[in-house]
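Protein chains in written order, with our numbering: chain E, 7 to 391; chain S, 7 to 391; chain V, 38 to 321; chain L, 38 to 321; chain P, 1467 to 1646; chain F, 1467 to 1646; chain X, 820 to 905; chain C, 820 to 905.
In short, the hints are calculated from the structure, not lab data.
Some hints here could point you the wrong way.
Unchecked claim - The list that follows gives simulated cross-link-like pairs (lysine to aspartate or glutamate, DMTMM-like), each with its CA atoms no further than 25 angstroms apart:
hint	chain 1	residue 1	chain 2	residue 2
1	C	Lys867	F	Glu1564
2	S	Lys221	S	Asp257
3	V	Lys85	E	Glu206
4	E	Lys56	V	Glu312
Okay, here's what each chain looks like letter by letter:
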Amino acid sequence: MAKSKPIVDTGIHFIDGNMACAEGAIAAGCRFVSGYPITPSTEVVEHMAKRFPEIGGMFIQMEDELAASICFQGAVWSGVKGMTVTSGPGFSLMMEHVGLAAALETPSVFVDVQRAGPSTGLPTAPAQQDMMQARWGSHGDYEIIALSPSSPQECFDYIVTCFNLSEKYRCPVFFMMDETVGHMHGKVKIPDASQIDVLERQNTTRPPGEYQPYKIYEGSVPEMVKVGMGHRIHITGLTHDEQGYPAMNADAQQTLVKRLCSKITDNVDDISIIKTENIDDSDVVVISYGITSRIAEYAVNTTREQGINAGTAQLVTIWPFNDRAMMEIASKTKNIIVAEMNLGQIVNEVRRAVGNAVPVHFLGNAGGRTISPELMIGKIREVTR
Amino acid sequence: MAKSKPIVDTGIHFIDGNMACAEGAIAAGCRFVSGYPITPSTEVVEHMAKRFPEIGGMFIQMEDELAASICFQGAVWSGVKGMTVTSGPGFSLMMEHVGLAAALETPSVFVDVQRAGPSTGLPTAPAQQDMMQARWGSHGDYEIIALSPSSPQECFDYIVTCFNLSEKYRCPVFFMMDETVGHMHGKVKIPDASQIDVLERQNTTRPPGEYQPYKIYEGSVPEMVKVGMGHRIHITGLTHDEQGYPAMNADAQQTLVKRLCSKITDNVDDISIIKTENIDDSDVVVISYGITSRIAEYAVNTTREQGINAGTAQLVTIWPFNDRAMMEIASKTKNIIVAEMNLGQIVNEVRRAVGNAVPVHFLGNAGGRTISPELMIGKIREVTR
Amino acid sequence: MTEIKSHPVDGLLRTDRMPHIWCPGCGVGTSVNCFTRAIEKLEMDLDKLHVVSGIGCTGRVAGYINVDSFHTTHGRALAFATGLSLSRPDSKVVVYSGDGDIAAIGGNHLIHAARRNVDMTVICVNNYTYGMTGGQVTPTTPDKALASTTPFGNFEHTFNIPNLVAASGGTYVARWTVFHVRQLTRAMVSALKHPGFSFIEVLSPCPTLYMRRNKLGAAVNLMEYFKESAVIENGADTRTVALNEGKTVLGEFVNVRLPTLRESYEERMKEALGEKFVPYEGSK
Amino acid sequence: MTEIKSHPVDGLLRTDRMPHIWCPGCGVGTSVNCFTRAIEKLEMDLDKLHVVSGIGCTGRVAGYINVDSFHTTHGRALAFATGLSLSRPDSKVVVYSGDGDIAAIGGNHLIHAARRNVDMTVICVNNYTYGMTGGQVTPTTPDKALASTTPFGNFEHTFNIPNLVAASGGTYVARWTVFHVRQLTRAMVSALKHPGFSFIEVLSPCPTLYMRRNKLGAAVNLMEYFKESAVIENGADTRTVALNEGKTVLGEFVNVRLPTLRESYEERMKEALGEKFVPYEGSK
Amino acid sequence: MSKVDIRICGMGGQGVIMSGLVIGKAASIYEDKWSTMLQSFGPEARGSTCAAQVMIDDVHIGYPYIDKADIFLVFSQAGYEKYIAELKEGAILVYEDELITLDERVPKGVKTCGIPATRIAQEQIGKVITFNMVMLGYFARATEAISLDALKKSIVDSVPHGTGEMNLKAFNAGYNYTAE
Amino acid sequence: MSKVDIRICGMGGQGVIMSGLVIGKAASIYEDKWSTMLQSFGPEARGSTCAAQVMIDDVHIGYPYIDKADIFLVFSQAGYEKYIAELKEGAILVYEDELITLDERVPKGVKTCGIPATRIAQEQIGKVITFNMVMLGYFARATEAISLDALKKSIVDSVPHGTGEMNLKAFNAGYNYTAE
Amino acid sequence: MANNNESTPGDKRKGTVVINEDRCKGCTYCVRYCPTGALEMSVRLNHKGYTLPELAHPEKCNGCDMCGMYCPDFAIYGRRLNSREE
Amino acid sequence: MANNNESTPGDKRKGTVVINEDRCKGCTYCVRYCPTGALEMSVRLNHKGYTLPELAHPEKCNGCDMCGMYCPDFAIYGRRLNSREE
Ligand SMILES: Cc1ncc(C[n+]2csc(CCOP(=O)(O)OP(=O)(O)O)c2C)c(N)n1
Ligand SMILES: Cc1ncc(C[n+]2csc(CCOP(=O)(O)OP(=O)(O)O)c2C)c(N)n1
Ligand code: SF4
Ligand code: SF4
Ligand code: SF4
Ligand code: SF4
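In isolation and in its complexed conformation, chain E is listed as follows:
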């Protein structure tokens, strides 16, 4: 028999973020992807189309993003790990099924490689303008998780985290890339499969009759199940009871929706990844995420050489927003600069979180290009003057 491709492509690679994301998903155990092409995310699914047939996975290009964002959920309920991939306009079309995933508690990963908007905008230019949409884009109350990578390496590493979180919390998990990270080649170390922490799907071990799909047996997340195990589950996007049956009353609504939200908000500390550097006793901390964090790294290094006591905080996890961590940063510095490639999204969260503790400055743009190091250096200087 011909030697089949290794499932995890262990080794050192020079690949772009989109491919790293695809490889990371494979390493995380993803075996079903439904997508619809859109710049600048298409390479992710193109890579899946190439890789999957040799490793027992399947990619299907659906007729549109509405289909792409629900098709993989059907696969997930069959027991596999699945995801979908898109960019701005397609992300907007997926919003109804983000809500569905939240309501059904489908472990699900949505990749959004952000481009400049609104509308068709600049399809091949970077932005970080969908950050609030990721949190609020679907109707109704719900909570989600969102991570943002700043390099191809992080694309690999954190898409694995996304899959793990989606299994653990059974909610939509967004991987908020941007065009620059997606299209940038860089060094990516893919460890041996055994070195990669992968949380496998845990299906209930309770037999039919003793199991209810939305009952909490432990913690705040119900036990997952798949079709064909004899449980004869009924799963609905209507407000439902523990059995999963429609429960058309406000009490059921309160119980269900509060749990959907609190299972995330009660676990901010577990979910949140924030990388800080040199924040203690600093004069300014630049808070940023995604590609902007690389620029912050560069700008802060430069200004430190010039004697400015500056630090950085990279928000790998954006949602749930970590108010506490922000307060902690505020307590250690004199100024905060929030830098993002939009006209002000996450900065509002930081402002809300830190209140009047320290001044929160904003450095942003309307997308289409990254924030230049010169501007950022200028801002750091201005703030610390």
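Dock chains S, V, L, P, F, X and C with the ligands against chain E, hints included.
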């Protein structure tokens, strides 16, 4: 010839919010509606289907909300006033075309009669859970206007305001109703047509050759145009220049998107409607909107009778959010309670706006029922104790 | 004497949710009745039968059949079912939805699932209206019929759904009514056995929201109309089966065997990759 | 001697945007060339011609034709055009879009606009791929053909688009290729004159992303194939016109006159409301 | 009474909502008061019980939901059972006395007024469909919540064109009914 | 040089991106340095100029965009015109000298290294397609930005299976080229 | 469950029906589509107020279960009596 | 604009072509589909590097404008010379 129905149905009526909304839209000059049925908004379009054939308007039920939310934009560019109507799940499907309307600067009105979510949720129960979605639901950076009515009378009055604002600012304007307001009958006074302030479409008077569709001749909003006037316009959702032509570069992106946002954010005072009562030197102000404001009215009246110095602020305009007005309220009271039928949306805006000025308390629920007066009275008491 | 169950097909129903929400005389219930009989006839392994619905009165079917079942979003059941079906080669996935769900908002998924010949059975209960939301017009509402959104009568041309599905690539296409319980059951048996995309349009009365508004009397009146106007033409050219006043063409119109999506995928990959191809088996 | 313009149809083009973005040999340009000639032949009032496109290489057509034109969202041009067409009874609205735009993401609007017989002309440039995004598979990509998302060859069945449109209710349906410039122009003339939903599928080479990947040589090679494989069959049964290896059936397949959406609306309302009916005239 | 909370309940098709509309209109249009009406919605409501909540006040009404009613106008046994507990002290219960059997659940201090409205509608008007107008007539007299004049104007305004007279006749029959 | 910013520009089809990949891989995989590469994207890029930006450093790279380059590897006149101004003081310009005519726009202090790579590829290898490898070879010698060994390994790694030898031959031809 | 039509030993009836009265919504399908005319609508109402069918002519019932197939509410079914399998 | 093929008085040629060289992308359609074979691809490149067509056989050109109809780039057109209308 048979006497034709009056276009504005002047008089005193006992109708529900949905019908009042439909009548208000007609009074505001709306003549084209594309929709797709969904509880609890359907009565709006049903009423349009009945009224329009006798007043020279047209309603078309499209195949889905994607179509409904762009079809009317085609009509608007032909020179008429148009709108679409939906609820939660349909609203999520409209998000791509909200962004389109923002980018094309289509004067457009979207009505969302909110029901409890996420996903299918409780279709016939009220909620105020789409408030953040209205602001952030589409990808990319953009700004919108959103109003929320608290009674059938306000449904009539403020949908007219919505149309006027959409003409003035050329952006998506949301009318954020809720199931209770939509389905509640109440007294509605419809004035004589001559008494209703209606801003008619102002098309450019510049001749072809001297006109560019996205050039700013005055103020911050370009002059509108319609097809067939000889201007041979090209309108695109891509980032475009003043001529409307695609301009695939970051400079054009900065110019366009910043203007799309600042034309709204620079005019908060003109757009914002906030109704306050008894806020001066108060111990607590309940900030709320939509049906919750009626409950606040009741609760505050009750507690005032009991000697508590409480006031109310009804946010008729939700977006753009009026930070200044919030600070003003904060400066006049000792406590703020934000009450809304969700798990915390607009309260975050208030918190961000007022910082540490006064404590901001939250009273919310997960939707499906209005906040009870008892709970609100209890909260007012607790906060002022 | 044998123990008497409350109903012979109760084993296939979520009896804890009975009575169901459908109105008196609603044909959705009768169609489900036929469906349960078809399942029984086939002696299907119930662990390998999954029902997916969209939203609507008919969409509630998923909530009453006692197999793993999913009540998804309006119009998108077919897309969810595509993912499920591809991941469960040994199972039969059934989509059970209304005409609005399938042919209005769900139209794109209908034509594409048919094109791909995804292995699934679609049962579309066509009651000429949107029942769940109060009787609006649909792509199948007859000419001039009243609906809440066509208060002066429908003016849109209608779909000939079997023809649309056939033109899209559906490999089994049939139409019956809930009056024709035996034939409908038999058709369901054939559809469930068919590998690939099988589709049955089931004409059905909605006494509450369609018939009342159109002054068509009680549910049985439409049943009688179905009986009288029925013209059974198996193998009929689907272009000729549009629903006309006075004539309701019924039968099995299309039944051809073509590679299913999965089959052509595997064939293609084997051809291109040879032994390097590892088929997708889902999770077992 | 007459003054020499840079090109006889320059008056219909936004010459300030030339050269356009299409690749050397891209058939979209040739189809637009034919389109401008059709407009000239009809001596259309250019204030009453509006072009709407979705997103894609073909979707850029709206940006090059010098009439009021709209470049909307991917797949939704038909829905935008429906609102525009209903509001401009005296204008002709043309939707110009690619096969992915119209038949993949836009499939639902295609079948519904055809069903309603909305008064518009649709020109669908079928180049067997998604050009704009780099050559992914579409519902029209031939069997086994390579695309960036089918690196081992396409395995999905394809749409027979004329048949799909005809089955949905389109009243004028034709297919030509960009090799057949005269016939295509004539068909465009007929489609533009046709009241109701007229649809032309235009087969076209995408040398950059479809042909190169499939090693089909230069654009002219496909032109030659169009020439050689063409079988002109006006009035052909659309079920028989699926694109097969070696045979490309072309012609005007459907041309019937049925009430347009607007006509049936007005007829219905007049009947129901008599003199109380006030027709919708849009803004004039 | 300055503020009156009225609950109406019956089966789908009995004219519950129409009754609520007539009262609400009478109050807000013909008496220049404020009024709100809310009705039950949803698939669950289909075919089974159907309810309306009407509030009348001299001033603008805040919270439009009724917790306990001042007046309960009930058309069916199921409606009776669903809401009988939710009455204020001293409330008035107006009910169809051949369709509904009162029991010990009627809260103390509630004034009960029964009328065989179905029979009256059938016998005196010849149309069972006017049953709710008979109920409204009786309600008018039993509760005096709204003026006769306002109710009558409201009825003419609310019922299908050409049926005003018949409905007023039914209304009057209810108004004039006296229990033997 | 610890940090090197390399811009590569040419026409679509000339192997610009492949060249960038070879350099980036050589640095990050075979020299254990850090490297990033960005390429031009978009419909506007189709068929016309095509550019890549490669950065190499001993430490992790922050900002991955090149403002002014240390090395400019240029394959076409249009590419030359587009980017010639954006060079650092003391930068190295490696260009195809039969396709590109230098002019006064070359910034002062820039070292210019021309090579007739197309002709070399044609004459010595027999395949114009290996032209970019010739350029890379010349680049390797002219700039010494990356070790020969790393570049060669990277080439074998990057080119289609079975074409390694031919490409290495082209690379060597470029490396050994001396302007007469 | 109205089950009073069960067979007794020696009974000559070929079939009977079982009615789950709680589920019935009185649509009349069973009565209308019983091929032997064995059923009729009664005057009895169930607790929801729906009129119930009844086996008015037990001797006609052959247990063919047509009623059971038509019933939208799974409220009735027919069964054969004295058949060999029992 | 290469316009050097204009008619001169007394010219017997039936037609000629006008080429907008800036627009041409060298696809060869005009050459290939000229029914009289009047055009050929030249060795000249335009500023974008595309090979240009040329009217190699002016005597063959009848100004039928087939080149103009095929050209995807609106870069060439044929016109009749000495026709009555002029
Ligand atoms: C996105 C979205 N749009 C609209 C609705 C509202 N809605 C629910 S069911 C339905 C129509 C159902 O009609 P049909 O599919 O014909 O089924 P029936 O109820 O007649 O069985 C609609 C429009 C929804 N739930 N979601
Ligand atoms: C909602 C959305 N999804 C995806 C895209 C990306 N996209 C742009 S054009 C296109 C396909 C175009 O293909 P086709 O319609 O066949 O036209 P062509 O480019 O081949 O002319 C896609 C997928 C988009 N712009 N919007
Ligand atoms: S409304 Fe119509 S379709 Fe829905 S349950 Fe009732 S009868 Fe059936
Ligand atoms: S990519 Fe294909 S369709 Fe797009 S312009 Fe180039 S040749 Fe034409
Ligand atoms: S068919 Fe069923 S629901 Fe209908 S009357 Fe008979 S038993 Fe009752
Ligand atoms: S057809 Fe047009 S683009 Fe092609 S070679 Fe001729 S002139 Fe140039």
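Hints and how they fare:
no., hint, verdict
1, C:Lys867 - F:Glu1564, "holds (17 angstroms)"
2, S:Lys221 - S:Asp257, "holds (16 angstroms)"
3, V:Lys85 - E:Glu206, "holds (24 angstroms)"
4, E:Lys56 - V:Glu312, "holds (15 angstroms)"
Comparing the model with each earlier hint shows no violations; every hint is respected.
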